[in-house]
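Novice: These protein sequence lines map, in sequence, to chains A and B. Using the numbering used here, you'd call the opening residue of the first sequence number 1 and step up by one each time. Using the numbering used here, you'd call the opening residue of the second sequence number 1 and step up by one each time.
Relax, there's no trap hidden among the hints.
Ranges between beta-carbon positions, derived for each pair:
1. R228(B) <-> Q169(A): 17 to 25 Å
2. T210(A) <-> P197(B): 13 to 21 Å
3. N307(A) <-> Q104(B): 40 to 48 Å
4. E205(B) <-> S5(A): 42 to 50 Å
5. D286(B) <-> K103(A): 18 to 26 Å
6. G41(A) <-> N207(B): 25 to 33 Å
7. E24(A) <-> Q169(B): 44 to 52 Å
8. K192(A) <-> K192(B): 42 to 50 Å
9. Q218(B) <-> G41(A): 29 to 37 Å
10. D195(A) <-> G52(B): 43 to 51 Å
If you want the footprint, here are the derived chain B segments under chain A, 3+ residues with CB under 8 Å:
11. 143 to 149
12. 222 to 231
13. 252 to 260
14. 280 to 291
15. 299 to 307
Read the hints as simulated data drawn from the structure, not as lab findings. None of these values were measured; they are calculated from a predicted model. Beta carbons are placed, not taken as given, at the ideal position from N, Cα and C, and that holds for glycine.
Number of protein chains: 2
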Amino acid sequence: MAIYSYDRLVQFVQAVFIKMGCPETDAITATTVLLSADLRGIDSHGVARLSGYIRLWEAGRINAKPNLRIVHETPSTAVVDGDAGLGLVVAPFAMKVAIEKAKQVGTGWVSVKNSNHFGIAGYHAMMALQEDMIGMAMTNASALVAPTFSVEKMLGTNPIAVAIPANNQPSFVADFATTTAANGKLEILQRKNQDTPIGWVQDKEGNASTDSNILKKQGSLLPLGSDREHGSHKGYALGSIVDIFSAVLSGASYGPWAPPFPAYIPMPENQPGQGLGHFLGAMRIDAFRPSQEFKDHMDHWIERFRNATPAPGHEKVLIPGDPEREMETIRMKDGIPLVDAVEQDLILVASNFKLTL
Amino acid sequence: MAIYSYDRLVQFVQAVFIKMGCPETDAITATTVLLSADLRGIDSHGVARLSGYIRLWEAGRINAKPNLRIVHETPSTAVVDGDAGLGLVVAPFAMKVAIEKAKQVGTGWVSVKNSNHFGIAGYHAMMALQEDMIGMAMTNASALVAPTFSVEKMLGTNPIAVAIPANNQPSFVADFATTTAANGKLEILQRKNQDTPIGWVQDKEGNASTDSNILKKQGSLLPLGSDREHGSHKGYALGSIVDIFSAVLSGASYGPWAPPFPAYIPMPENQPGQGLGHFLGAMRIDAFRPSQEFKDHMDHWIERFRNATPAPGHEKVLIPGDPEREMETIRMKDGIPLVDAVEQDLILVASNFKLTL
Chain A
1 MAIYSYDRLV QFVQAVFIKM GCPETDAITA TTVLLSADLR GIDSHGVARL
51 SGYIRLWEAG RINAKPNLRI VHETPSTAVV DGDAGLGLVV APFAMKVAIE
101 KAKQVGTGWV SVKNSNHFGI AGYHAMMALQ EDMIGMAMTN ASALVAPTFS
151 VEKMLGTNPI AVAIPANNQP SFVADFATTT AANGKLEILQ RKNQDTPIGW
201 VQDKEGNAST DSNILKKQGS LLPLGSDREH GSHKGYALGS IVDIFSAVLS
251 GASYGPWAPP FPAYIPMPEN QPGQGLGHFL GAMRIDAFRP SQEFKDHMDH
301 WIERFRNATP APGHEKVLIP GDPEREMETI RMKDGIPLVD AVEQDLILVA
351 SNFKLTL
Chain B
1 MAIYSYDRLV QFVQAVFIKM GCPETDAITA TTVLLSADLR GIDSHGVARL
51 SGYIRLWEAG RINAKPNLRI VHETPSTAVV DGDAGLGLVV APFAMKVAIE
101 KAKQVGTGWV SVKNSNHFGI AGYHAMMALQ EDMIGMAMTN ASALVAPTFS
151 VEKMLGTNPI AVAIPANNQP SFVADFATTT AANGKLEILQ RKNQDTPIGW
201 VQDKEGNAST DSNILKKQGS LLPLGSDREH GSHKGYALGS IVDIFSAVLS
251 GASYGPWAPP FPAYIPMPEN QPGQGLGHFL GAMRIDAFRP SQEFKDHMDH
301 WIERFRNATP APGHEKVLIP GDPEREMETI RMKDGIPLVD AVEQDLILVA
351 SNFKLTL
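Pulled out of the complex, with its shape left as it was, chain A reads as follows (with noise of 0.2 Å):
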């Protein structure tokens, strides 16, 4: 385990995404979205994925110049091409498409076809917050996630990020995925060779398992709910609304036909669409009410949420976005931790590309 710092993991991802072609301004907003999530404690999504990304890229599928176009609105809508760039370039842009619309008729939302991961949902929704408005941001993904009563895999673990301005308290940022337990934290339990709690994944025959490597086994990831008898019809449904609002809506590949993030994974067959998709929204707070009333609504209903009285053995009762927040404050200060693979991988990354970590 070494510890980086923010400035200087900045500098090197930046120097990687301006080898790879990205114009500068580019460069600096992948970097931005891509070490959000270092910064806020979400390590599978940041610059762990960085050599991820640049296998997709030498394969052809990701494209460092692409020409970002709305290719069809409405006053509160647009569906944005991402002309299969980096989605930490494109889903920003989208958002910003939103968050004009906002400005005009109180709300937008973009559906974003052609496009690859975007990082963190959270970062996107997050953008809406300095305007006063909330925030929304989803996306498809890889199919890894079986439907209940199915042993086959059809959905990603596909994302939802609510963000929500308050006044005096900190904003609220719910970030997760529609599983029960994203596919970063099994890749913790491998790295550290132990099992899952039983209802993450099932095995190929759709039993319950606790094999942190069953998906490399057939087996998949259970949707939020776990089972039946608690509501993985749910979650199933969640991460189908996801995957329609990010990819039927647009025209990107729904389904199981999601595009791998493994580059060596080959392309599902037939595809319906193009590319990954995203569903970005923006709903300006006084468009509905004074903005200052309601966030000191939000500061009251925060505080009280705060204070609901804690199970014993728990300190207090957390609000959406609290241990992604604080964890950014002390990572900003005292450096991002890499563990040994995620290091090796990056020198390997800069010695491909010739640059130092």
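Since chain A is already given, all that's left is putting chain B on it; use the hints.
Specialist: Just chain B, lined up with the frame of chain A:
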């Protein structure tokens, strides 16, 4: 168990709403919404609740002749004041506003304050389908759910419904409480004197419980995910988002202050808003891509998911909305079964209003 035809229940329920003083068109709307629950097999939200609505009206908490009005709006948004009307009437009014706005600018989003329970969320979301729109509906509700790490009831079962049109396939209609199990599921077990599975409820100390009567003993329902290890913080976040969109955006009462449905429970003190809140949305399909093209892809999506490899012991994978649609067909033809307690309750209502069931 007695069987009543849909038409017979329509006549009776309409007569009851008219006796309460509802204008005839409102009585028709309220009846259609209420009975859509019985038709679709969500028995807890149909005529089983009729006497509950009456008691709220008797307590002066439901206004049978509300002056429904838009109190704030932009081209894509509105806030509706329900004037303490039946949610069964207020929500369809608000959904129509959302649909009209979507016709104009692509999408429409309406937050509602000063309302009451609105029946099943799915009904309101499905209003968008005939307009070639995606519909969304959510509502906050009386606090029965403890956030992760808490033993205090802070949120309602706060359902989310999303209805998405297809072409030859039936529409995709998700409609689910953001808890592991809806309160209606508990009520069924209470009547049968049966235990719940682990993961649905906790006792007043926050311990896992299987007591289906635990809510009467200071226990609480658990958010979707059941416990932290299985993602209950995600269910808690979802329920919170529903609460904030429905009540903080509109100016309704949120969190533990949401007005309780049972009229004998006093209103929580220091109400931060007015009544219950809802949030309704409509997105025109052709605000994103040609409607026919989208619906063809929805057919493709639905067919692919319906044909996903089933787990051993399961015949097929279901699409959200399948069970409710099948139930609606059966009950429209064969009638609606009412358990004895509900039938007795309706007989009492009939007698009080000098009606015959």
